[in-house]
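Number of protein chains: 2
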Amino acid sequence: MSELRLPELDPTSDRPVFKQIADHLRAAIDRKDLSPGERLPSESQLISHYDVARMTVRHALQILQSEGLTVAEHGKGVFVRSRPPVRRLASDRFARHHREEGKAAFIAEAEGAGVKPSVDSIEITESEPSPDVAAKLNLSGEDRVVVRARRYLLNGHPVETATSYIPASIAKESQIMEPNSGPGGIYARLEELGHRLDHFTEEIRARMPLRDESRALKLAPGVPVFHLVRTAYDQAGRPVEVCDTIMSSDAYVLSYELPAR
Amino acid sequence: MSELRLPELDPTSDRPVFKQIADHLRAAIDRKDLSPGERLPSESQLISHYDVARMTVRHALQILQSEGLTVAEHGKGVFVRSRPPVRRLASDRFARHHREEGKAAFIAEAEGAGVKPSVDSIEITESEPSPDVAAKLNLSGEDRVVVRARRYLLNGHPVETATSYIPASIAKESQIMEPNSGPGGIYARLEELGHRLDHFTEEIRARMPLRDESRALKLAPGVPVFHLVRTAYDQAGRPVEVCDTIMSSDAYVLSYELPAR
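Protein sequences, first through last, are from chains L and C. For the first sequence, this note's numbering begins at 238 and goes up steadily by one. For the second sequence, this note's numbering begins at 238 and goes up steadily by one.
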């Protein structure tokens, strides 16, 4: 508390005291008066500074933690998260100009957030689709899919696993079969193959992770995952890819823009 | 198992056995061979039908549960969920034609999903905004906000709490101050007040619920929440509402459509 200056409570405000305290700490984090990785004032210090009950302080700290701004380390105190969520702005993410600049969505986005992206565990196989993937891709009978599974990392920490399913009739003998799918990623390849992309749909669920997912993403206990399924459609209206993604919920804020028309 | 006919495993498939079993059960649920509320075959029945290890069956059942298709009731078995997630299609949700037909988004959507919507606990107050809401609404100094808090229910079960913040300078003396905001909801009122809506942004986080949230939404243990914050912009580019929403993750699939341009 020596260096950090927190304001006093405003007794005339109609904002509850615990929210005012959370506001002060949040503002200190926003201003970088409390830097990533730094320890927050202890409960006792906050109690003495604000002259409030311990429950009030705890409630304030709980808000910050639920917002993903802080992490509590048992016995050590509460720290400013050093891995702030990446804003994943869907409407920009798949912009053609990124593909034309040779950047895949994940790379463009991570660079925007100032974190170092990497990809590992790329596995490419061919198989029959699950009924769900077959339905989403309008496949029937004998149709097979190329499956590209990979894991995405930010600053070396895994944040997302993604599995793409592309009709084998489209992907076969293209660079989509290679671990390095080339500049602009598989969407750039699909466009070169004559499937100029028109739109995507994204379906988002949230749930607790399965054990394998928890391991693959090195999730802390109590951290749910986003389960995001995207389908890419070409300008003829044909679904050309389904991408099934598990994302660490504490690494991402998903962001969308919608018209009001 | 008397009535339910499950196919045999395909020994030539490259799809793992537990996924094949999950596929069969999912297909039976999709076809309504297993209806909402109905009990799935027991582990023992599945083990004997497929001639596989108990862990294989458990892994298959875990997939269905993680997809929100089933619920396990301790000591009673596994049941088809009778409260399937509502698809919340953002690009249609705020369509002007719904407002013009006098329907608020939540009502239009629930009717589309065939469930009975209701709203309770409406509270309308005026207060100073939190720093975060003030920043999102471009408010400064003395500006105040009208706060509309309410809870949404589907078939009598709470699924979402939402708190809207509207600049008091806009909402004051309008029907936005009334518990019943009139046909088309507050967005219709904002448009009548000269703020024709242009677009919305939505930011989605997922996390475990706070205790109050868990109570308000009657969440089962282990069910995370979506924390969705929407900002509405008028055609002059002014933010005119921030809506802060906590949604039960097992009641919703969030769905978005994105252009590929």
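A few of these clues could be false.
Derived DMTMM-like pairs: lysine to aspartate or glutamate, alpha-carbon spacing no greater than 20 Å straight-line [unchecked claim]:
| id | chain 1 | residue 1 | chain 2 | residue 2 |
| --- | --- | --- | --- | --- |
| 1 | C | Lys373 | L | Asp449 |
| 2 | L | Lys409 | L | Asp449 |
| 3 | C | Lys256 | L | Glu360 |
| 4 | C | Lys373 | C | Asp435 |
| 5 | L | Lys256 | C | Glu363 |
| 6 | L | Lys256 | C | Glu379 |
| 7 | L | Lys256 | C | Asp449 |
| 8 | L | Lys373 | C | Glu304 |
| 9 | C | Lys256 | L | Glu363 |
| 10 | L | Lys256 | C | Asp369 |
| 11 | C | Lys269 | L | Asp369 |
| 12 | L | Lys455 | L | Asp357 |
| 13 | L | Lys256 | C | Glu494 |
| 14 | C | Lys256 | L | Glu379 |
| 15 | C | Lys256 | L | Asp380 |
| 16 | C | Lys373 | C | Glu363 |
| 17 | C | Lys256 | L | Asp357 |
| 18 | C | Lys373 | L | Asp260 |
| 19 | L | Lys373 | C | Glu494 |
| 20 | L | Lys409 | C | Asp251 |
| 21 | L | Lys256 | C | Glu360 |
| 22 | L | Lys256 | C | Asp481 |
| 23 | C | Lys256 | L | Glu365 |
| 24 | C | Lys256 | L | Asp369 |
| 25 | L | Lys373 | C | Asp435 |
| 26 | C | Lys256 | L | Glu337 |
| 27 | C | Lys409 | L | Glu363 |
| 28 | L | Lys269 | C | Glu494 |
| 29 | L | Lys256 | C | Glu365 |
| 30 | C | Lys409 | C | Glu450 |
The hints are simulated quantities; they were obtained by calculation from the structure and are not laboratory data.
Hints and how they fare:
{"no.": "1", "hint": "C:Lys373 x L:Asp449", "result": "violated (38 Å)"}
{"no.": "2", "hint": "L:Lys409 x L:Asp449", "result": "violated (30 Å)"}
{"no.": "3", "hint": "C:Lys256 x L:Glu360", "result": "holds (19 Å)"}
{"no.": "4", "hint": "C:Lys373 x C:Asp435", "result": "holds (16 Å)"}
{"no.": "5", "hint": "L:Lys256 x C:Glu363", "result": "holds (16 Å)"}
{"no.": "6", "hint": "L:Lys256 x C:Glu379", "result": "holds (19 Å)"}
{"no.": "7", "hint": "L:Lys256 x C:Asp449", "result": "holds (14 Å)"}
{"no.": "8", "hint": "L:Lys373 x C:Glu304", "result": "holds (16 Å)"}
{"no.": "9", "hint": "C:Lys256 x L:Glu363", "result": "holds (16 Å)"}
{"no.": "10", "hint": "L:Lys256 x C:Asp369", "result": "holds (12 Å)"}
{"no.": "11", "hint": "C:Lys269 x L:Asp369", "result": "holds (16 Å)"}
{"no.": "12", "hint": "L:Lys455 x L:Asp357", "result": "holds (14 Å)"}
{"no.": "13", "hint": "L:Lys256 x C:Glu494", "result": "violated (36 Å)"}
{"no.": "14", "hint": "C:Lys256 x L:Glu379", "result": "holds (19 Å)"}
{"no.": "15", "hint": "C:Lys256 x L:Asp380", "result": "holds (19 Å)"}
{"no.": "16", "hint": "C:Lys373 x C:Glu363", "result": "holds (17 Å)"}
{"no.": "17", "hint": "C:Lys256 x L:Asp357", "result": "violated (24 Å)"}
{"no.": "18", "hint": "C:Lys373 x L:Asp260", "result": "holds (15 Å)"}
{"no.": "19", "hint": "L:Lys373 x C:Glu494", "result": "holds (15 Å)"}
{"no.": "20", "hint": "L:Lys409 x C:Asp251", "result": "holds (18 Å)"}
{"no.": "21", "hint": "L:Lys256 x C:Glu360", "result": "holds (19 Å)"}
{"no.": "22", "hint": "L:Lys256 x C:Asp481", "result": "holds (15 Å)"}
{"no.": "23", "hint": "C:Lys256 x L:Glu365", "result": "holds (12 Å)"}
{"no.": "24", "hint": "C:Lys256 x L:Asp369", "result": "holds (12 Å)"}
{"no.": "25", "hint": "L:Lys373 x C:Asp435", "result": "violated (32 Å)"}
{"no.": "26", "hint": "C:Lys256 x L:Glu337", "result": "violated (38 Å)"}
{"no.": "27", "hint": "C:Lys409 x L:Glu363", "result": "violated (61 Å)"}
{"no.": "28", "hint": "L:Lys269 x C:Glu494", "result": "violated (36 Å)"}
{"no.": "29", "hint": "L:Lys256 x C:Glu365", "result": "holds (12 Å)"}
{"no.": "30", "hint": "C:Lys409 x C:Glu450", "result": "violated (29 Å)"}
Against the hints set out earlier in the document, violations occur for numbers 1, 2, 13, 17, 25, 26, 27, 28 and 30.
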